[in-house]
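So you can see what is in the structure, the chains are spelled out below.
Number of protein chains: 2
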Amino acid sequence: MAENKLKIFKLGGNVIDNNQELENFLENISKISEDKILIHGGGKIANKYLKKLGIEPRMHEGRRITDEATLEVVTMVYAGLINKKIIASLQKFGCDAVGLSGCDGDVIRTTKRKKESIDFGFVGDPDEKSVNADFLSLLLSSRLTPVINSINHDGQGNLLNTNADTLAYFVANSLAEIYSAELYVCFEKPGVLENVNENDSVIKNINFAKYQRLIEEKKIDEGMLPKLKAAFETLNSKVKKVVICSASDVFDVAEGLTTKGTVIEL
Amino acid sequence: MAENKLKIFKLGGNVIDNNQELENFLENISKISEDKILIHGGGKIANKYLKKLGIEPRMHEGRRITDEATLEVVTMVYAGLINKKIIASLQKFGCDAVGLSGCDGDVIRTTKRKKESIDFGFVGDPDEKSVNADFLSLLLSSRLTPVINSINHDGQGNLLNTNADTLAYFVANSLAEIYSAELYVCFEKPGVLENVNENDSVIKNINFAKYQRLIEEKKIDEGMLPKLKAAFETLNSKVKKVVICSASDVFDVAEGLTTKGTVIEL
Numbered sequence: 000m001a002e003n004k005l006k007i008f009k010l011g012g013n014v015i016d017n018n019q020e021l022e023n024f025l026e027n028i029s030k031i032s033e034d035k036i037l038i039h040g041g042g043k044i045a046n047k048y049l050k051k052l053g054i055e056p057r058m059h060e061g062r063r064i065t066d067e068a069t070l071e072v073v074t075m076v077y078a079g080l081i082n083k084k085i086i087a088s089l090q091k092f093g094c095d096a097v098g099l100s101g102c103d104g105d106v107i108r109t110t111k112r113k114k115e116s117i118d119f120g121f122v123g124d125p126d127e128k129s130v131n132a133d134f135l136s137l138l139l140s141s142r143l144t145p146v147i148n149s150i151n152h153d154g155q156g157n158l159l160n161t162n163a164d165t166l167a168y169f170v171a172n173s174l175a176e177i178y179s180a181e182l183y184v185c186f187e188k189p190g191v192l193e194n195v196n197e198n199d200s201v202i203k204n205i206n207f208a209k210y211q212r213l214i215e216e217k218k219i220d221e222g223m224l225p226k227l228k229a230a231f232e233t234l235n236s237k238v239k240k241v242v243i244c245s246a247s248d249v250f251d252v253a254e255g256l257t258t259k260g261t262v263i264e265l
Numbered sequence: 000m001a002e003n004k005l006k007i008f009k010l011g012g013n014v015i016d017n018n019q020e021l022e023n024f025l026e027n028i029s030k031i032s033e034d035k036i037l038i039h040g041g042g043k044i045a046n047k048y049l050k051k052l053g054i055e056p057r058m059h060e061g062r063r064i065t066d067e068a069t070l071e072v073v074t075m076v077y078a079g080l081i082n083k084k085i086i087a088s089l090q091k092f093g094c095d096a097v098g099l100s101g102c103d104g105d106v107i108r109t110t111k112r113k114k115e116s117i118d119f120g121f122v123g124d125p126d127e128k129s130v131n132a133d134f135l136s137l138l139l140s141s142r143l144t145p146v147i148n149s150i151n152h153d154g155q156g157n158l159l160n161t162n163a164d165t166l167a168y169f170v171a172n173s174l175a176e177i178y179s180a181e182l183y184v185c186f187e188k189p190g191v192l193e194n195v196n197e198n199d200s201v202i203k204n205i206n207f208a209k210y211q212r213l214i215e216e217k218k219i220d221e222g223m224l225p226k227l228k229a230a231f232e233t234l235n236s237k238v239k240k241v242v243i244c245s246a247s248d249v250f251d252v253a254e255g256l257t258t259k260g261t262v263i264e265l
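So the protein sequences, as listed, match chains A and B. Numbering-wise, numbering that gives the first Met the number 0 puts 67 at position 68 of the first sequence, and it's gapless, one number per residue. Numbering-wise, numbering that gives the first Met the number 0 puts 177 at position 178 of the second sequence, and it's gapless, one number per residue.
Chain A with its partners taken away, still in its complex shape (with noise of 0.2 Å):
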């Protein structure tokens, strides 16, 4: 086992549409000085290019049903509009970074979803052990920061979409068999909420018990169960460290100074 620490931060839609709070949250990532990956989606940039395209963005239980003009448009959206916006900024901060989308490298392959009760579309599902740690361990130790955006390949020449969640949660599995891994789940919330109402009901801790004690009472918003189940179903022991906190208080909360957040005990 290396003891290179590594730390992914995993960066919300809502966040990435506001170009203030997205340069405020790329000059903090700018900041930290360990090794580093940053993950992202963008979702509503993407629905209001369909709704200007004429498609009708569909999702469901927070998952984007994707046909074929539809995975055209987040490819465009989220490996071309947001992600070389994501790469310009953070070279101006001072920060080398190269995105990626999984086909580049090779760096992650998935399978596209069978059609069940849900037909997902163009939804790739990650392929266990596909991460090519090889080649994100080269950028690493060449100091440079990958930035990985949700589209995927299946190896047969097609893109696929993936979760931005779904995928972060793997990519941090799969990182923390060789790297001391820590994963920040950063969006527009100061972390889970008691009440999404009361910014100041943050839950400091959460385990899989008090998770499940949670929904029974109902007292999760429907935007963080997606979020929470996928931690608690796929994240393994081996990463380090789980927070959900505000894009905001980044810096302070990967640097340890801070409480600020949801510790997520796995």
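Hints are not guaranteed to be accurate.
It does not matter which identical chain is used: a pair holds within one copy or between any two.
[Said to hold, decoys possible] The list that follows gives simulated cross-link-like pairs (lysine-lysine, DSSO-like), each with its CA atoms no further than 30 Å apart:
#: 1; residue 1: K128; residue 2: K91
#: 2; residue 1: K217; residue 2: K259
#: 3; residue 1: K51; residue 2: K111
#: 4; residue 1: K114; residue 2: K91
#: 5; residue 1: K4; residue 2: K128
#: 6; residue 1: K113; residue 2: K91
#: 7; residue 1: K111; residue 2: K91
#: 8; residue 1: K239; residue 2: K128
#: 9; residue 1: K111; residue 2: K30
#: 10; residue 1: K47; residue 2: K111
#: 11; residue 1: K217; residue 2: K239
#: 12; residue 1: K43; residue 2: K114
#: 13; residue 1: K4; residue 2: K237
#: 14; residue 1: K228; residue 2: K209
#: 15; residue 1: K114; residue 2: K228
#: 16; residue 1: K30; residue 2: K43
It is worth saying that the hints were derived from the structure and are not from the lab.
On the provided structure of chain A, position chain B as indicated by the hints.
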């Protein structure tokens, strides 16, 4: 002077538009075993999306006028849709490739063109000596093929669009300092034609004197003129070989198995 061979391929828009021709080209590129770099734009697909979004594409002498809305769309199309489609296909053919805009790894830096008689908008001219050859060499020496699109940055957080031919010449010049570099400009025609309607009228060799004579005789097609002009104005003699050829002939031309195409004698 290192003697490592490097083949740089520029792929033109009409081939990118045709899925079958694009696949054939990428399959052929995958078979070329030497270090290689692919550079592309993607004009026609960008125009299709611009029109769908209600933005009228504007060109001046074969070069795109890029206002803010157009910049977003070309970033989505070149860096997102086309670049990732190309990378996924190359992976299918066993060629491990990485898509790059100029901001990725700070690989190319550009400066926004000053307004003159024409305001080209968010168009970037490459900064002298800005090619990050260390980063490209890191990828090449790891058996990765960089695939560079024409979206660049200025180091201040701004994205800028660069003509893909200009970019290819610029990258070839820069890398010719450390590689034995050859440039193949690939498009839908079999070379520079004496008569644009006759595919068997390929001019085998053009030097500067012949180029000037052909212009005087108005024998060069309008679409070809900027390519040749830029070649003779910007390419330097360190680039070992420049051939303008059909994308469908690329393997035989690059491997020296045929004399098809037009050799530019610098």
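Going down the list of hints, with the structure as the test:
1. K128 / K91: between (34 Å within a copy, 19 Å between copies)
2. K217 / K259: within (23 Å within a copy, 71 Å between copies)
3. K51 / K111: both (27 Å within a copy, 29 Å between copies)
4. K114 / K91: between (44 Å within a copy, 24 Å between copies)
5. K4 / K128: within (20 Å within a copy, 35 Å between copies)
6. K113 / K91: Between copies only: 21 Å across chains, 42 Å inside a chain, cut-off 30 Å.
7. K111 / K91: between (37 Å within a copy, 15 Å between copies)
8. K239 / K128: Intra 19 Å, inter 43 Å, cutoff 30 Å: intra-copy only.
9. K111 / K30: This pair counts as between: shortest inter-copy Cα distance 28 Å, intra-copy 37 Å.
10. K47 / K111: both (25 Å within a copy, 28 Å between copies)
11. K217 / K239: within (28 Å within a copy, 69 Å between copies)
12. K43 / K114: So K43 and K114 pass the 30 Å test inside one copy only (25 Å; across, 34 Å).
13. K4 / K237: within (13 Å within a copy, 44 Å between copies)
14. K228 / K209: Within. Shortest intra-copy distance 12 Å satisfies the 30 Å Cα cut-off; inter-copy 69 Å does not.
15. K114 / K228: within (22 Å within a copy, 53 Å between copies)
16. K30 / K43: within (27 Å within a copy, 40 Å between copies)
In summary, the structure agrees with every hint in the numbered list given earlier.
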